[in-house]
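Trainee: Counting in the working numbering, the sequence shown runs from 16 upward without gaps.
Think of the hints as simulated: they come from the structure by calculation, not from any bench. Cβ coordinates follow ideal geometry from the N, Cα and C atoms, glycine included. Hints may be right or wrong, so weigh each one.
Claimed, not checked - Below 25 Å or equal to it, Euclidean Cα-Cα: the simulated SDA-like pairs (lysine to any residue) are:
no. : residue 1 : residue 2
1   : Lys241    : Thr304
2   : Lys403    : Thr414
3   : Lys61     : Ala98
4   : Lys403    : Tyr255
5   : Lys315    : Ser397
6   : Lys241    : Gly262
7   : Lys389    : Ala273
8   : Lys379    : Ser405
9   : Lys61     : Ala201
10  : Lys315    : Tyr255
As the list claims (entries may be wrong) - Label pairs and their calculated CB-CB ranges:
no. : residue 1 : residue 2 : range
11  : Asp415    : Leu229    : 33 to 43 Å
12  : Leu229    : Pro204    : 17 to 27 Å
13  : Glu259    : Ser141    : 21 to 31 Å
14  : Asp51     : Gly103    : 15 to 25 Å
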Amino acid sequence: MPQIFRAACLVLGLSLAWSAVPAAAGDLAIPGATLDAGNGQKVTLKAIALKDCNLTQDEATRLFSGALGREDAGAMLERMTAAEARIGEADLETGAGDRLTVKDIVAEKLAQGGAQTLTIGSTEGSVPDDAGASTLHFGALRIERVSLRDLAAALRADDPALAALHFSHLAWDGGEISAVDKGTPAGAPGGNRIILQIGAARIDQNFDAKGAPLDAAVSVTGLTLKMPPQSRLGAVLNAYGYPEIDGDFTIGGVYDPAAKVYQLRNYAIDLKKIGRVSVSAQFSNLSPTAFLGDKDAREKAMLDATLDWAKVEVSNAGLFDKVVAFASLSQGKTPASVKDDWRAIIAQAPLLFSGAPAIAVVAKELERFVADPKVLTLNIKSKGAPLKMSEFAHIADPTDFLNRLDVSGSPAPSKPAKPAPGARL
Numbered sequence: 016m017p018q019i020f021r022a023a024c025l026v027l028g029l030s031l032a033w034s035a036v037p038a039a040a041g042d043l044a045i046p047g048a049t050l051d052a053g054n055g056q057k058v059t060l061k062a063i064a065l066k067d068c069n070l071t072q073d074e075a076t077r078l079f080s081g082a083l084g085r086e087d088a089g090a091m092l093e094r095m096t097a098a099e100a101r102i103g104e105a106d107l108e109t110g111a112g113d114r115l116t117v118k119d120i121v122a123e124k125l126a127q128g129g130a131q132t133l134t135i136g137s138t139e140g141s142v143p144d145d146a147g148a149s150t151l152h153f154g155a156l157r158i159e160r161v162s163l164r165d166l167a168a169a170l171r172a173d174d175p176a177l178a179a180l181h182f183s184h185l186a187w188d189g190g191e192i193s194a195v196d197k198g199t200p201a202g203a204p205g206g207n208r209i210i211l212q213i214g215a216a217r218i219d220q221n222f223d224a225k226g227a228p229l230d231a232a233v234s235v236t237g238l239t240l241k242m243p244p245q246s247r248l249g250a251v252l253n254a255y256g257y258p259e260i261d262g263d264f265t266i267g268g269v270y271d272p273a274a275k276v277y278q279l280r281n282y283a284i285d286l287k288k289i290g291r292v293s294v295s296a297q298f299s300n301l302s303p304t305a306f307l308g309d310k311d312a313r314e315k316a317m318l319d320a321t322l323d324w325a326k327v328e329v330s331n332a333g334l335f336d337k338v339v340a341f342a343s344l345s346q347g348k349t350p351a352s353v354k355d356d357w358r359a360i361i362a363q364a365p366l367l368f369s370g371a372p373a374i375a376v377v378a379k380e381l382e383r384f385v386a387d388p389k390v391l392t393l394n395i396k397s398k399g400a401p402l403k404m405s406e407f408a409h410i411a412d413p414t415d416f417l418n419r420l421d422v423s424g425s426p427a428p429s430k431p432a433k434p435a436p437g438a439r440l
């Protein structure tokens, strides 16, 4: 449903832009306004109220009706101030019939391109389709200490990233997205809709005076995916004992602008009764330009950064065992025989890459995991010269690239020490 997400981003972006606001003059009210982007795309705003705003009634009306050009609108937003900006409802429509309704948009203490808080009461959306409309419902959203720096420059350059949206805290009640699975008949038992439910989400982050990120922590809990029972994927999941997939998602990282070092401390998805995948890494020579420059400068800074190390960890919470059991039943073999077959196939992998040591280590760790499916760990760093991120983007010779990697697995478990002579057991 890309239209829905683009619509959500547009309305949220407009909400934040309206909260990019310098000190009070009077209260203004605009019953309604429509911003027409052409081709059937428009945003209708209802019940706009500005408290202690420094704009005139005419300026506010022209701003919210879209009568100003991009640069003039950006300049006005940057000089605007208000104690509160409230929009009762924002309705977005596209030429394809997609609709999105955002209710109760409130920004407080707007000044100098930012707001103390931004809240949204709810969001409802619909994308029509021959098989049936896809829908979304999002709950309440609260963002604190919002900053939309360089908005005018972003509008002038047509580069939204230049606006540098910053906020210190975000709390979201989550919501639900529902879409029709076209491969499943409407009358099928259990229905034919794919349902993605999102629980509570939280983001906490800090920035330095120039706007470079210092640290961030993201968590999304209560992720649930439900497939139609009669769909292909639904039937497979049910066969494995998963009528739905439940999980949580977390990200955490810190950045030192002076040292130009970013450490990804945790990037993990934990699927209940299935398994957990987590990644951590450290990058050096990552200039603040990667977060603050224009589009080309940001891209160059990212490609110039080097990977110091990375760690990948996979934990089994039940899925691997179910796959082995299913394979053993379908092949008429014991689980041990199935594992032996898989380990024999994995052992041949290094031959496909001219015996690259990195692949040999990965194969060894995979064999160990298949034999005892608990945790698979891979540690990655470069051999010799630092490994630039640009080398990941342009791999001409896979074998040569792999030979530049130093890969290690989990340390072998230490053997218990033998008791000293005469020791009591």
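Trainee: Hints first: check each against the structure and report whether it holds.
Mentor: Hint check:
1. Lys241 to Thr304: 41 Å, violated
2. Lys403 to Thr414: With a Cα-Cα distance of about 17 Å, the restraint between Lys403 and Thr414 holds, given a limit of 25 Å.
3. Lys61 to Ala98: 19 Å, holds
4. Lys403 to Tyr255: 42 Å, violated
5. Lys315 to Ser397: Given pair Lys315, Ser397 holds - Cα atoms ~21 Å apart, limit 25 Å.
6. Lys241 to Gly262: Holds - the C-alpha atoms of Gly262 and Lys241 are around 12 Å apart, at most 25 Å.
7. Lys389 to Ala273: 40 Å, violated
8. Lys379 to Ser405: 29 Å, violated
9. Lys61 to Ala201: 37 Å, violated
10. Lys315 to Tyr255: 45 Å, violated
11. Asp415 to Leu229: 33 to 43 Å: Distance hint for Asp415, Leu229 holds at roughly 37 Å.
12. Leu229 to Pro204: 17 to 27 Å: Roughly 52 Å apart at Cβ, these two residues miss the hinted range, so it is violated.
13. Glu259 to Ser141: 21 to 31 Å: 24 Å, holds
14. Asp51 to Gly103: 15 to 25 Å: For Asp51 and Gly103 the Cβ distance comes to about 20 Å; the hint holds.
Hint check: violations occur at hints 1, 4, 7, 8, 9, 10 and 12; the rest are consistent with the structure.
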